[in-house]
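We have chain A; now place chain B onto it with these hints.
Protein chains: 2
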Amino acid sequence: MSKFLVIGERIHVISPEIKEALATRNAAPIIERAKTQLEAGADYIDVNIGPAERDGVDIMKWIVPELQAATDNAPLVLDTVNQNAIRAGLEVYNPVNGRAIVNSADAGDRLSNIDLAAEFGCIVIGLLMKKGVPRDNEERDEYLQTMLEHAMEAGMDPAEDVFFDPLTLVIKGMQEKQQEFLDFIRTMSEMGLKSTCGLSNASNGMPKHVRPIVDNVLCAMSIGAGLTSAILNPLDKELMNTIKTSEIILNHTLYADSYLDI
Amino acid sequence: MSKFLVIGERIHVISPEIKEALATRNAAPIIERAKTQLEAGADYIDVNIGPAERDGVDIMKWIVPELQAATDNAPLVLDTVNQNAIRAGLEVYNPVNGRAIVNSADAGDRLSNIDLAAEFGCIVIGLLMKKGVPRDNEERDEYLQTMLEHAMEAGMDPAEDVFFDPLTLVIKGMQEKQQEFLDFIRTMSEMGLKSTCGLSNASNGMPKHVRPIVDNVLCAMSIGAGLTSAILNPLDKELMNTIKTSEIILNHTLYADSYLDI
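So the sequences go chain by chain: A and B. If you read the first sequence in my numbering, its first letter stands for residue 2, the second for the next number, and so on. If you read the second sequence in my numbering, its first letter stands for residue 2, the second for the next number, and so on.
Just so you know, these hints were derived from the structure itself, not from any lab. Remember, it's a predicted structure, so these values are computed and weren't measured experimentally. Treat the hints with caution; some may be incorrect.
Pairs involving identical chains hold if they fit within one copy or between any two copies, as the list cannot separate such chains.
[Said to hold, decoys possible] For lysine-lysine, the following BS3-like pairs were computed, each having C-alpha atoms within a straight-line distance of at most 27 Å:
id	residue 1	residue 2
1	Lys4	Lys173
2	Lys4	Lys245
3	Lys245	Lys209
4	Lys4	Lys209
Next comes chain A alone, as it looks inside the complex (with noise of 0.2 Å):
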């Protein structure tokens, strides 16, 4: 059993610093943020330019190198919906430390993003939705079908080079559809194909002191039941001592009493 991957969450569009940084250039604050990431134990790290219709390929012809240079090539994950701009990324990323990851392709019109990840030998995130969320594991599991066969076709290993995301549902609201995205994930780990979420979407508008419970919980259970990876904020430190946890319990690293400090 392969190694839980973390991917960092915190370089993204969203944040007013990151956003002005992608803006004006200024590569300052994002490897910072990039930095910080990986020495609180990120694998990889998820790179949010946004939409970036304009300047989408400016600006990941200029992130890429220059995360790369500060940060020994750590491995990335270029995340927009302009394929160009991914495709800029890709032309100038150096893979000596990972592959790097597009996020994301999906079944409806970002399937095309699956022929350029194959085209540059690379790993891709496949949302498991057409046009809005999943309705239920018979939609996640026709999406799925849809991606496998693309991904096939395209000349890719589907169990090493598609991360599926059987998309994080809110909870308050979508209680009733969490029990399925736990056994979507069981699925999938029984396939023996690799997969990955935004976990902490699951407790999207609850109480603060509530939402790190949430998320604690609902980590240990997705790895129980075969997650491989997450794109969350390694920041988190309770978060990453569940993730470790879980992988002592599941016997894919090895305990130590100092486990949580390694």
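Quick look at chain B alone, frame taken from chain A:
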């Protein structure tokens, strides 16, 4: 899906205070521990009087009515290897708020505790062991079948009247056996069987600051796999929050912003 049952573990002869109270027939500290556990959310109170070979019958005859009188007939788990003592406790037990639970039968010498429970129409905890702890899930399954058959022959409904305990194993030393433990909980859940276990045993021997993290993660994973009850310390608020949150995620209780305080 029925609510997860919390069995409070704090009345245990291993505690010097409880040991002395049992020996001197001083009910007050025992009643106090029952009350605080019930206030903290325990559904059942385990009453572990130890082997009690000499005076187990007397102790149970005395403590069961004392406890029930002081707690508006709280449901109890009668916990000793002395079968006569359990019988004596069952004879004076008031089931108005929940059937008594016999703790415990196993697939070996204590198989006849199933008959005792059947005779009194109560619940029995069936440890999936014979001489020692189960080596693997093949052994767990063998012991499960033995107890299932015995319970059915005794006229019990094995889906309602037996809580099967897969036996928590210490992670430090048996790290590679935890996945099997979780798998067996899932197997039992899929068979429609109820389950219980002493969760915190798994973290025995770990550093003090690590144990609660391990307890919480294993608890979430176990409930995610289908565990329906556990014997634990209900005064551990973090663990109780994990249980409540697991119940929310699995849609066993309805979400409200205040669910942790309910």
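Going through the numbered hints above, which ones does this structure break? Give me the numbers in ascending order.
none
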